[in-house]
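Number of protein chains: 2
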Amino acid sequence: MTDLIWLNGEIKPLSDARLGVEDRGFQFADGVYEVIRIYNGRLFALPEHLDRLERSCGGIMMKMLIDRQRLAREIEQFIAKTGVKEGMIYLQITRGDSPRNHAFPQCPQTTLFYARPLPPTAPAGGQSGVKLYSVPDERWKRCWIKSVALLPNVLAKNTALAAGADEAVFVDDGVATECSSSNLFVVRQGALLTTPVGAKVLPGITRLVVLALAKELGIPATERPISEAEAISADELFITSTTREIGWVASWNGKPVSPGRCGAITLKLHKALQERIRRETQSPQR
Amino acid sequence: MTDLIWLNGEIKPLSDARLGVEDRGFQFADGVYEVIRIYNGRLFALPEHLDRLERSCGGIMMKMLIDRQRLAREIEQFIAKTGVKEGMIYLQITRGDSPRNHAFPQCPQTTLFYARPLPPTAPAGGQSGVKLYSVPDERWKRCWIKSVALLPNVLAKNTALAAGADEAVFVDDGVATECSSSNLFVVRQGALLTTPVGAKVLPGITRLVVLALAKELGIPATERPISEAEAISADELFITSTTREIGWVASWNGKPVSPGRCGAITLKLHKALQERIRRETQSPQR
Chain U
192 MTDLIWLNGE IKPLSDARLG VEDRGFQFAD GVYEVIRIYN GRLFALPEHL
242 DRLERSCGGI MMKMLIDRQR LAREIEQFIA KTGVKEGMIY LQITRGDSPR
292 NHAFPQCPQT TLFYARPLPP TAPAGGQSGV KLYSVPDERW KRCWIKSVAL
342 LPNVLAKNTA LAAGADEAVF VDDGVATECS SSNLFVVRQG ALLTTPVGAK
392 VLPGITRLVV LALAKELGIP ATERPISEAE AISADELFIT STTREIGWVA
442 SWNGKPVSPG RCGAITLKLH KALQERIRRE TQSPQR
Chain S
192 MTDLIWLNGE IKPLSDARLG VEDRGFQFAD GVYEVIRIYN GRLFALPEHL
242 DRLERSCGGI MMKMLIDRQR LAREIEQFIA KTGVKEGMIY LQITRGDSPR
292 NHAFPQCPQT TLFYARPLPP TAPAGGQSGV KLYSVPDERW KRCWIKSVAL
342 LPNVLAKNTA LAAGADEAVF VDDGVATECS SSNLFVVRQG ALLTTPVGAK
392 VLPGITRLVV LALAKELGIP ATERPISEAE AISADELFIT STTREIGWVA
442 SWNGKPVSPG RCGAITLKLH KALQERIRRE TQSPQR
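If you're matching them up, the sequences are chains U and S in order. Each residue of the first sequence is one higher than the last, beginning at 192 in the numbering used here. Each residue of the second sequence is one higher than the last, beginning at 192 in the numbering used here.
By construction, these hints were calculated from the structure, which means they are not laboratory data. Just so you know, these numbers come straight off a predicted model, no measurement behind them. A hint or two may mislead.
A few chain U residues facing chain S, derived, Cβ under 7 Å [stated by the list, open to error]:
id : residue
1  : R209
2  : V212
3  : F295
4  : W331
5  : S338
6  : L352
Far from chain U, some chain S residues (derived; all Cβ distances over 10 Å) [stated by the list, open to error]:
id : residue
7  : R264
8  : A403
9  : A455
Okay, the calculated beta carbon distance ranges per label pair [said to hold, decoys possible]:
id : chain 1 : residue 1 : chain 2 : residue 2 : range
10 : U       : P314      : S       : N292      : 20 to 28 Å
11 : S       : E421      : U       : G355      : 45 to 53 Å
12 : U       : A455      : S       : G389      : 41 to 49 Å
13 : S       : A353      : U       : I257      : 21 to 29 Å
14 : U       : N444      : S       : R259      : 31 to 39 Å
15 : U       : R452      : S       : R261      : 48 to 56 Å
16 : U       : P450      : S       : A353      : 49 to 57 Å
17 : S       : G445      : U       : K332      : 20 to 28 Å
18 : S       : A353      : U       : E245      : 18 to 26 Å
19 : U       : N199      : S       : A354      : 27 to 35 Å
20 : U       : G355      : S       : K276      : 48 to 56 Å
21 : U       : G355      : S       : V362      : 34 to 42 Å
22 : U       : N444      : S       : M192      : 55 to 63 Å
23 : S       : R264      : U       : A353      : 31 to 39 Å
Using N, Cα and C, we set each Cβ at its ideal position, and we do this for glycine too.
Start from the sequences, fold in the hints, and give me the full structure.
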């Protein structure tokens with residue numbers, strides 16, 4: 192089946208979609224994005240993603256011009272049209288296509304989304320462990336904005352890959368802030384720890400859901416800066432992201448961490464997450 | 192005359208040029224760029240721009256695949272074809288168009304450049320003074336790379352515009368580093384000062400030429416961090432950029448600075464710059 196894209200209100204084959212070279216997403220990284228998971232042909236945590244999208248737009252001083260309700264409806268209709276059951280939506284909004292100038296232009300925004308299939312996630316605990324690798328956190332101080340200015344994340348991820356790892360952990364003055372495309376959690380003495388959202392940490396949606404699940408399950412959770420040293424010596428470590436759900440961490444800079452398998456609390460949280468996903472996406476369609 | 196673009200070896204109308212939505216310039220800010228000035232149909236400081244382009248490519252772990260000599264030749268032939276006599280070349284290279292993934296792709300790079308006419312620069316000292324406005328320097332720590340991850344610069348520039356100014360000065364822990372699209376110089380007691388190139392300062396080409404001219408003219412020049420306070424109280428202030436050449440500064444955060452006109456040393460440097468430009472671009476074509 193041909194991959195489709197919704198581009199400024201028009202649906203067409205993804206391979207036919209074209210942008211102008213002066214789109215501000217291309218010349219200025221002047222845009223924001225979301226990645227939303229599709230399970231059983233249904234969107235998971237769509238309101239939370241749209242909340243964040245609106246906050247990101249605010250963060251770049253851009254009013255989101257497409258109506259939120261319409262956007263949600265268009266995405267839902269689009270997924271039905273694509274037939275994608277297990278996958279993701281990639282959505283991006285930029286300030287539009289206008290002759291190059293740092294000053295904000297008066298032009299229509301570029302809004303697009305498309306679906307990509309993904310293999311179904313393995314059952315909780317069934318994945319192989321993630322290998323983390325530390326890189327200095329040299330990013331800007333508004334990482335809470337989900338902007339397309341992702342060059343530092345791309346460089347970090349590829350530094351980790353070149354070192355034989357899977358994912359980069361940013362370390363800012365000794366603090367493990369987050370990973371290049373995921374949030375970091377550690378478990379110490381039965382309690383969950385994660386660095387707070389803010390200058391250096393994106394408000395991950397899976398992070399948010401995991402914190403809510405921990406509360407429901409009676410697992411104490413604290414948001415405070417985690418030092419790299421206490422992360423490495425933690426009882427369990429895991430990362431969260433929309434596409435990965437929860438990934439238990441097997442090594443850090445080439446040395447084993449965690450118990451060498453998915454830890455008990457990580458497993459409990461991942462099972463609860465998959466149960467919530469099942470409940471929200473397998474129930475009869477509204 | 193129709194604006195033209197050179198896109199991956201093909202010349203076409205700029206308005207017909209289109210990029211794929213998964214170009215890494217659009218989704219990851221995974222690219223670098225240059226702006227090169229055209230005077231009298233000739234490029235000014237092309238070798239310096241190509242040197243910096245190569246360093247920027249290195250900074251983002253990307254080998255520049257187009258041969259440098261060929262690129263220079265193509266740009267020169269392109270300018271002749273466009274007929275632009277006074278203007279600029281905008282050039283951008285990205286890691287290419289490939290299904291979205293942080294990992295570096297195996298695909299051809301996207302290389303493009305196009306020309307835009309500019310009004311001839313006013314004679315030295317003839318411009319109106321620039322109004323500067325301070326913003327916190329929250330950018331990443333590799334500003335020496337001329338990447339398209341310009342969102343922080345765009346936000347800073349527009350914050351300055353909203354405050355009634357022309358240009359934002361980034362202030363990092365009390366140090367005036369550079370401006371949103373220009374470098375900052377001050378003159379104190381007959382000597383030139385500018386913050387050194389590095390984490391927070393782009394190696395501006397006009398900055399480079401001005402430092403060389405100062406040497407020739409016997410004006411002492413020092414590269415060291417300039418505090419915001421000493422910049423504001425300086426005898427003269429000016430900014431440099433490829434499109435603006437030298438712009439004397441009239442105010443900072445709404446308060447007058449400098450002598451209220453283009454200062455003597457600023458004027459001397461701008462005259463020398465325009466003389467060099469004239470010499471290099473009015474001489475018979477090679």
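Verification of the hints:
no. : hint                          : verdict
1   : R209                          : holds (3 Å)
2   : V212                          : holds (5 Å)
3   : F295                          : holds (5 Å)
4   : W331                          : holds (5 Å)
5   : S338                          : holds (5 Å)
6   : L352                          : holds (6 Å)
7   : R264                          : holds (22 Å)
8   : A403                          : holds (27 Å)
9   : A455                          : holds (30 Å)
10  : U:P314 <-> S:N292: 20 to 28 Å : holds (24 Å)
11  : S:E421 <-> U:G355: 45 to 53 Å : holds (48 Å)
12  : U:A455 <-> S:G389: 41 to 49 Å : holds (47 Å)
13  : S:A353 <-> U:I257: 21 to 29 Å : holds (24 Å)
14  : U:N444 <-> S:R259: 31 to 39 Å : holds (37 Å)
15  : U:R452 <-> S:R261: 48 to 56 Å : holds (54 Å)
16  : U:P450 <-> S:A353: 49 to 57 Å : holds (54 Å)
17  : S:G445 <-> U:K332: 20 to 28 Å : holds (25 Å)
18  : S:A353 <-> U:E245: 18 to 26 Å : holds (21 Å)
19  : U:N199 <-> S:A354: 27 to 35 Å : holds (33 Å)
20  : U:G355 <-> S:K276: 48 to 56 Å : holds (54 Å)
21  : U:G355 <-> S:V362: 34 to 42 Å : holds (40 Å)
22  : U:N444 <-> S:M192: 55 to 63 Å : holds (57 Å)
23  : S:R264 <-> U:A353: 31 to 39 Å : holds (34 Å)
Every hint, counting from the list given before, is met by this structure.
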